[in-house]
Amino acid sequence: MDYATSFGLIIPELVLTGSGLVLLMIAAFGGEKASRLVSILAAVALGAAGSLTIPALANGAGGDASMAFYGQISADAFSAFAKLLVYAAAIGCLMIAPGFFGQRRAMKPEYPVLVLFATLGMSIMVSATDLMTLYIGLELNSLAAYVLASFLRNDSRSAEAGLKYFVLGALASGILLYGMSLTYGFTGTTSFAGIRAAQEAGLSTGALFGLIFVLAGLAFKISAVPFHMWTPDVYQGAPTPVTTFFATAPKVAAVALTARVALDAFGSQADAWRQIVIFAALASIIVGALGAIGQNNLKRLLAYSSINNVGFILIGLAAATVEGASAMLFYLTTYVVMSLGSFVAVLMLRNGEGENLETFEDIAGLSSTRPGVALCLLALMFSLAGIPPLLGFWAKVEVFNAAIQAGLVPLAVIGIAASVIGAFYYIKFVKVMYFEEPVGRATKGGSAAHWAILIICTLLISPLGFLLTRGLQAMTDTAAAGLFPGV
Amino acid sequence: MIQAIAFYLFATMVIASGVLTIMSRNPVHSVLWLILAFFNAAGLMVLLGAEFIAMLLVVVYVGAVAVLFLFVVMMLDVDMAELRAGFIKNFPLGIAIALVLLAELVLGIGALGAGPLELGTASGANAPNLANSNIENIGALLYSKYIFVFEAAGLILLVAMIGAIVLTHRDLKTTRGHQNITKQVRRNPKEATQMKQPTVGEGVEL
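Line by line, the protein sequences are chains A and B. Take the first sequence: its letters are residues 1 to 487, numbered as in the UniProt record's numbering. Take the second sequence: its letters are residues 1 to 206, numbered as in the UniProt record's numbering.
Hints are computed from structural coordinates only; laboratory data are not their basis. None of the hints are false.
Subject to a maximum C-alpha distance of 20 angstroms in a straight line, what follows is the list of computed SDA-like cross-link-like pairs (lysine to any residue):
1. A:K444 x A:D362
2. B:K145 x A:L14
3. A:K164 x B:A160
4. A:K33 x B:I165
5. A:K108 x B:L158
6. A:K164 x A:I175
7. B:K145 x A:A4
8. A:K431 x A:S419
9. A:K444 x A:E355
10. A:K444 x A:T359
11. A:K431 x A:T359
12. B:K145 x A:Y70
13. B:K145 x A:I10
14. A:K428 x A:V439
15. A:K431 x A:E358
16. A:K108 x A:D155
17. A:K428 x A:L375
18. A:K164 x A:N297
19. B:K145 x A:T189
20. A:K431 x A:L375
21. B:K145 x A:Y184
22. A:K108 x B:T168
23. A:K108 x B:M161
24. B:K145 x A:A193
25. A:K164 x A:M229
26. B:K145 x A:G71
27. A:K108 x B:I165
28. B:K145 x A:D2
29. A:K164 x B:T168
30. A:K33 x A:A43
31. B:K145 x A:M132
32. A:K108 x A:L41
33. A:K108 x B:A160
34. B:K145 x A:T5
35. B:K145 x A:A65
36. A:K431 x A:L357
37. B:K145 x B:A125
38. B:K145 x A:D64
Bound-form chain B, shown alone:
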């Protein structure tokens, strides 16, 4: 009983906040609604017994992605009125994409009746130990069988970090506009100033 109530609560909240994400006029509000949607989706995952995915949703999507969105939205001065102005112009394109999606939906429902795809079957070597939680199962696999690829993935992140620093880090000397004596000494009145004799009522054109 309590599960059903929780499910309907989370599901309604996901849909409602999803709708509000695209309906709200202020982009910052949109991102905040999106975060609410992520939290409720995480709740749905907990109900399914996939607590690891629930935590990933909160940590990765709320913690990193949504905050990044928020930063971008706040940094960029997005003019919603200007964005809406393109609505009529792009309307045919929107309709075309909607039609494609509709066709996919119809095709998908039709394919559902035709029976399952002949997929390969896993060997079962990685089958979970149902007595443990799935976090324990994933951890046991990552740190034993897949230790090599797991550690190598860590190296990839390290290389990404080195790369970002190499490409963007500048010594303080160059970032703070430092004094270039030669340039200052070589400056002469001819290049630095201009003589203009503007007539009355007209501006100066430089």
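This is chain A alone, in the form it adopts within the complex:
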């Protein structure tokens, strides 16, 4: 193992680390005036790291050649795809933040620095092929996320969200570590390849406990039912740009990580974890759909929507095939675009005093006061509900198709039935915006950056975006193949 090769493979991470440290210096000496500069530079650094990731995806890198540091980290096509998605979402969240925090005089140059380090953690998470790397990446991401959640420190709800996220996140990390220690004890190795080889012969009771605890810890990070309780509170309490960040980038990283753990480390025991994933998928879809019905707060509702979507993503994982993994990545991409768009749209709703509006009463009759935002939200909600010409529908088709091909017909049938329940509250959104008396509260809000992101997201999910699906599908297929070295 040559260290130069290893360092060559982790160049995106090195770029992020280096720029994070330099930007921290600028932030420390420049003070609050440097916020905008640091934000722009952080976005540039993410873009640079992203462009350095493209070759791995284009070449379909995989196998031993992509392994760095004695197999602790892998720069394969799968991680490259997930990294691109994470970087894109992070850039979006950097762009929308200055407007929101600037208005509250709470913008600090540490915000982009923390986002950058959180993204570095996610980058490590998605390429981890060793339990130690996995944990280090996860903690780097989580620790930055706890701080970001309570970034508006004078707002008691933001502080509460941060504290709640921290306490529950620490508990989940403990569960995950316990599972990892059991797995290590019963297999004698921490590398995914080693665990896979050791479990080929069968799963001892201790190793099974390890698997269950590891999956429980990861289910918390992707907010799958029954470990979803923190999601609505944290999403509601955290500042909206931070919520947007939580709902997109870390979700991608955690799902990619879960997929790699399940398909690579525990890949030889697919039957053991499949039932757990199926249960989590169905429970997430149903709880996500039913829980959202009674919500009045839009951020809380979108939190339940994200729980619901995680369920559909897990259906792709439950298939445990290349098609399933590919469908999962396809859905994940669609989900990121849709939630980025809908959170930005909510962020753009402000009343005359400049306060952010986030309940259903506030958006009644939005179509007459803010026709542009209302139209974009209409498209995004129909896409989330899975109405045919929009991208959300094709993502659902992909996932259910993969499940049926893997012989999981009942899972697909229940999933389709439950997605109808989910459609209720997405359409309620549209009904409130278009068919209720205008209250005229949401009168202004939305900078150029907000509009740009909202329009890009809407175009991507619109029937026009369908033209891109072929290219996207080719990419997800390459990425998913990277997870199955034997095939």
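Starting from the known structure of chain A, arrange chain B on it as the hints suggest.
Same frame as chain A, now just chain B:
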């Protein structure tokens, strides 16, 4: 011979200071006894040839944890008499926990006779070079094979530090109660004062 003497010395001291930690009436004394227990445990580790763990015990537990305890104990005004008052009330709970621990002990001793667990065997790739001390062995692994995770762990500590500063640092202007002219100008006698006519022998209720 000298090893046996050292072992019994350290072991006795650990147990004695452990007992005194929970017996002493003054919480500050408890922490000091605890520090003595850590030092002696470190001595036991040196006897085992685990000098790295011995140093960790002194640096981490004595240097950081125990001093933190000491600070907490001194800062918080812990009333031991009040703590002891709950003894009778919580006695059944204490007994229940003690019974659980006893059951675990019995079960553990019983399981010991049933043979070892079928654990996985390590590949031996990280086997120590016995010619070197274990500090050298750990250092050689941390700075070569595990350099990536080691450095990333450093980044986690950096993020923790940034987070602590971001959440607690306030500019001097806001910490020192500065003058709010508008508030002062808007103050009027009606809101600031109250007329009371107390009867003799009764206090004023505000």
